[in-house]
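Given only the sequences and the hints, what does the whole structure look like? Please build it.
For the record, in the sequence shown the residue sitting at position 51 is 51 according to this note's numbering, with numbers rising by one throughout.
Keep in mind the hints are simulated off the structure, nothing from the lab. There's no promise every hint is true.
Stated by the list, open to error - Distance ranges between label pairs, derived from CB positions: (1) V80 x F51: 20 to 26 Å; (2) G67 x V112: 17 to 23 Å; (3) V36 x K132: 39 to 45 Å; (4) T108 x K132: 35 to 41 Å; (5) F106 x I54: 46 to 52 Å; (6) Q43 x S126: 39 to 45 Å; (7) V55 x T24: 22 to 28 Å; (8) L97 x L125: 40 to 46 Å.
Heads up, the beta-carbon is just placed ideally off N, CA and C, and yes, glycines get one too.
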Amino acid sequence: MSLGKAPLFNPISPKTFVIPIGATINMDGTALYEAVAALFIAQLRNVEMSFGKIVAVSVTATAASIGAAGIPQAGLVTMVMVLDTVNLPAEDVSIILAVDWLLDRFRTTINVVCDALGAIIVSSLSQGDIDKSRAQNQTDRELAPAHELTELEKGEH
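Structure, rendered in structure tokens:
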């Protein structure tokens with residue numbers, strides 16, 4: 001909670017901004033899982049998947065993963081949208097339900113690693129700007145004129 005007490009114009013580390021955003025919308029593992037699971041179900045049903053359908057599944061899985069909640073097995077709910085994209089029945093989600101508890105651990109690992117990698121990249125790319133801003137902030141404080149107390153601040157009435 002010390003972030004709320006930071007002085008105005010004091011740059012905060014990018015990771016305090018990037019990681020929460022990444023945890024909310026950057027669910028790479030979920031997008032991969034939904035696309036691959038939809039292709040798996042299509043193969044089980046002997047449905048021919050053209051290149052256009054594969055692209056549609058990939059785009060829908062990516063969009064669905066952005067809107068998915070960060071809770072266990074949330075991908076099963078959004079999987080219905082992905083299956084609907086290629087006209088596969090929603091009941092087919094039950095095919096992967098038996099192994100979803102295991103696959104969920106891998107999805108979560110991919111999501112966390114990608115969020116950390118994103119924070120590292122943003123931090124390294126913006127470190128020069130942050131250092132310049134901190135140096136400018138320090139210079140501004142040193143050059144600021146001394147504040148004289150008013151009569152009210154001195155406590156004299």
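To see whether the hints hold, each was checked on the structure:
1. V80 x F51: 20 to 26 Å: About 23 Å separates the Cβ atoms of V80 and F51, which means 20 to 26 Å holds.
2. G67 x V112: 17 to 23 Å: 19 Å, holds
3. V36 x K132: 39 to 45 Å: The hint (39 to 45 Å, Cβ to Cβ) holds, given that V36 and K132 are roughly 44 Å apart.
4. T108 x K132: 35 to 41 Å: Because 37 Å falls inside the window, the suggested range holds.
5. F106 x I54: 46 to 52 Å: About 21 Å separates the Cβ atoms of F106 and I54, which means 46 to 52 Å is violated.
6. Q43 x S126: 39 to 45 Å: Check passed, 44 Å falls within 39 to 45 Å.
7. V55 x T24: 22 to 28 Å: 25 Å, holds
8. L97 x L125: 40 to 46 Å: 41 Å, holds
Checked against the numbered hints above, the structure breaks only hint 5 and satisfies the rest.
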